[in-house]
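Next come the chains, spelled out residue by residue.
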Amino acid sequence: MLDSVIFYFFASIAVVSAALMVTRRNAIHSAVFLITTLLATAGIFLQLRAEFLFSSQIILYVGGIMVLFIFVIMLVRLDVPLPQIRSRLQKWIALFVALAVGVEAGVVLLLARKVPGQGLLIPNPAPANQLHPNTEELARSLFGSYLLPFEIASVLLLVAMVGAVVMAKNRTGAP
Amino acid sequence: MSPTLHSIVAFVQAWWVELLCALLIVLVVPLIAGYIVLVERKVMADMQARLGPMRVGPHGLLQPIADALKLLIKEDLIPDNADQFIFWLAPVLSMTAALTSMGAVAFGPWFQVARDINIGLLFVVGVSALGPLGIVLGGWASNNHYSIIGALRSTAQLISYETTAGFALVSGFLLAGTLKVRTIVENQRNDHAWYIFLAPVGFFIYLIASIAETNRAPFDLPEAESELVAGYMTEYSGFRWSLYFLAEYANMIVVASVGTTLFLGGWLRPFPNVHWLGWLDAAPALLFAAVGAYCVFRAGKQPARVQSLFMWALAFACFVVAAIFALASPFSHLPLEKMHDGLYGAFWFLLKDSAYIYIFMWLRFTLPRFRFDQLMRLGWHILVPLALINVVDVSIALALSSEFGVNRWLAMVVTTAATLGAAMLLVRWNDKYSAAASAALLTDSSVAENSHAG
Amino acid sequence: MNILADTVHENAAQKTETVLGADELVINMGPQHPSTHGVLRVKLKLDGERVVGSECVIGYVHRGVEKIAENRTYQQFAPYVDRMDYVSAVSNGLGYCEAVEKLLVVEAPPRARVIRTILAELQRIASHLLWLGTHALDIGTLTPLFYCMREREEILKIFEKYCGARLTTHAFRIGGLQYEAYDILEKDVERFCNSFEGRIQQYSDLLTSNSIWIGRTRNVGLLNSADCIALGASGPILRASGVKWDLRKSMPYAAYDQYKFEISVGMRGDTYDRYMVRLEEMRQSRLICLQAIENIPAGPIMARVGRVLKPPAGEVYHAIEGPKGILGYYIVSDGSIQPYRIRIRPPSFINLQALDKTIRGHLVTDVVAIIGTLDIVLGEVDR
Amino acid sequence: MMPIGHYLFLSLALFLIGAIGVITRRNVIIVLMSIELILNAVNINLVAFSRYFGDVAGQVFALFIIAAAAAEAAVGLGIIIAFFRNRETVLADEMDLLKW
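Protein chains in written order, with the numbering used here: chain A, 1 to 175; chain B, 176 to 629; chain C, 630 to 1012; chain D, 1013 to 1112.
No wet-lab data here; the hints were simulated from the structure.
Cβ atoms here follow ideal geometry from the backbone N, Cα and C, with glycine treated the same way.
Just so you know, nobody snuck in bad clues.
Covered stretches of chain B, as calculated for chain C (at least 3 residues, CB under 8 angstroms): (1) 213-227; (2) 538-550.
Straight-line distance between alpha carbons at most 27 angstroms, and here's what the computed DSS-like set of lysine-lysine pairs gives: (3) C:Lys-674 <-> A:Lys-169; (4) C:Lys-986 <-> C:Lys-873; (5) C:Lys-672 <-> C:Lys-986; (6) B:Lys-607 <-> C:Lys-986; (7) C:Lys-889 <-> C:Lys-878; (8) D:Lys-1111 <-> A:Lys-169; (9) C:Lys-731 <-> C:Lys-878; (10) C:Lys-816 <-> C:Lys-889; (11) C:Lys-816 <-> C:Lys-790; (12) C:Lys-731 <-> C:Lys-939; (13) B:Lys-607 <-> A:Lys-169; (14) C:Lys-816 <-> C:Lys-786.
Quick look at which bits of chain A chain D covers, simulated, 3 or more residues with Cβ under 8 angstroms: (15) 33-44; (16) 59-68; (17) 93-105.
Generate coordinates for the entire structure from the input sequences, incorporating the hints supplied.
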């Protein structure tokens, strides 16, 4: 009972603030709504007993990336509202397409409810208290079977850092 | 009873301890933060050969309440073309970040809101990562040139010192082996040593990084009075400003609690396993009795009647607390084991916490302020590499002591020496680099001079 | 050489280009600013955080002291002199009285000269204490301000006992002293000097070897001796850049030739050297006071100067070593009881010229430290 | 326990909103934010499946996605700043020159 209450609470916040984010005029407002969406998804991770992901999502996404976004919006003086939506026609087409895909997927999920295991052949999920401690489990697999991707990810981050610094460096030579 | 009512009652029955603690935190922390401000002003005054607030209540004891009331009454200005929504949201964001991160902190074995969630201290570090957001949004929303510069500076500082604090904590987590708050403290009891002794460099780096993380001197550049007036808080006034102010002090409590739990042995008595030091258990009762006696002694000398009445009340309260401690102490053979743990744990934890905060205050009154480039250079050129080296050294020491059976203390001493050596190299290299940099700074300034001459 | 284009208009923070465009940004460190020692407005031209150029706007406290002097008698003008550099009123008075005495070709009696020296040195210590307190506060330390104020309070008590006033003392008269030294003057000064040694040690323990203080002051606001001489800077600023020039030694006045004391000289002429030079000066002033109170000669305290002073027509220039630098008085008299013209050489005004040269290339936070180290008092700059 | 359909539906909704954002908005920074939103939707799916299959691989992969998103955001914003400094505009449809 408690799980579904938490889930619906966070899910509704996520969807509403995502919608608001996309439609806001002012860039900083949409950044703030994106932060609310990210916090709501972090809440959903918590509800799915993925605590380590909850805290890394907050530290990395909200504490790191979103601060970067707000920095750039402040530096680029972007908050002055610009004509946001491209052509009216394009907006309607996008909305129509999204609605169609949404309805279709919704129907599939509703129909799949009757098939045992939601049609995805899922064994009944393990109850919450028998779960292994999330952080140890994550660490064991991250440094066990997934060590190579872990190293590649660190190289990726290094490359991105160097790239970003070079790109954004204020070339003193430039007028 | 309808099913929803039934589930609510079931929910409350299952979680009433946590809800009570949460309520306590939200109500008591602003009060504690107010009294930390008073203690800070008193200690500062004492160090500066003056008295500090003496007028409101005996020895200024009611000053925080007076401040809080003033801030509530003060008009709450909003600059005209500021961004209303963000202007309102920013201090709220800062305050919620500070208070929610206090949820996972254990102020004693029984006083913890998020009762032992698996990621314990990481939850605290994670949620307190929202603080810089509140600051940057606040600085931007108040649409004033100085507060934008203040906001940019403070966010850059917080982000870079958050990484340093993270690495310093990693060396502590390596020793503890877990993130869960309760097991960290248990491990420190079983290892017969607080982790400050096993990873002193880690604690020292964490101390510096935590000062920078809460924007306190000598890192209080964002609201450096001399040039940025009040940094990102310039346009805030009244209750909104007090939200920011309380968020800063709540952050200080959070950062101090993390340091105490991980490095200073949380709620352990200084020598928990040494039996002949058993009399330390009587310390809390004796301390409160001494404070009560001092209040009685001072009560006579108070000028106004109401102040002496107040001092008598204070003395009475101290004696009551001393009695409770005496009652729950192990010497009295009453079956109050649970209460003993809770009370004594909370006492020792809060004592270490306040010692930690005292260091914050002490540094604030003696050290001058860093310049922004020195601050960033210290952060990135010295502290981050040093913290990394420290993590490597602690893991080497752990490997040595567990696999190769080297004596743990010897391994720790050797690796700490290695880290300090690396630190000396870093500092010397940095001085050479900064000397070169400032020389360069002057040459191009003289170049600028010639180009402007004539 | 007008560094700033004339078109720079007056609003507070006018952004010619976005921060990203990295063009000049003009910031007003306006008259009301927590760290511009009085009412000084500095228009800083910034490139990002670095100062590219600056322009000082002064005159907010201009009272036209020199014009007033033209229709005041010599005695009536003496109190005006105290209000110029209100932090070192006693040495202003000493300079003026000695200049007029030179005009009248009159010599103050030895007892008056010794007491004048003691009070002038105490005033030098008081001025340096105020400088150290506010300078350290600008750079960030809160504590030295209160220690310095505690010592300064002692000195002001001595002034109050001697001449009734703490700040604008008007302690001296043309030709000598008005008031006889109160009986326990020697004991008070001795008690202050004995306690002061330990106090100076307190300041230097707190600051001299403090790595953050060194980081904030070493190589900040460099002014080598050539620049100093070119700009006419004087006092601790000149001595910190390596020039050993102190009027108390080179052109002794009052009773300075009777006492032994050192002139402290710096090497590089940066903020840290000026701090060390001023700290050493306080120690030397203390030594002078101790030597002086040992034997204050007996005798009259006022030379034979009539009630109405009509100095012979002519001109005189007399300079003394004030706490801020060389304080000069150029008096032209046309034989009447009122001076024809009094021109005052204010050390703060001339030291302020060094501001633009020393600021260039530094960050905004250093500007605050540099204004502090030049030790300017706007009352003297604007007169 | 919640049937997994709810999580799939939520991540689908977020994905669609993100897609709309990417398509309709002219401001490049909002487009970048919408991409972050899409990556977030993907994360929800991964964690939901890892929770229901009891295998933590999904969460590990979600961590990698967060790392990749951080890298992508940093470089993307770097490009925007460089572009803004030269062309003074951040509107997507004015980025029509390959070399300026």
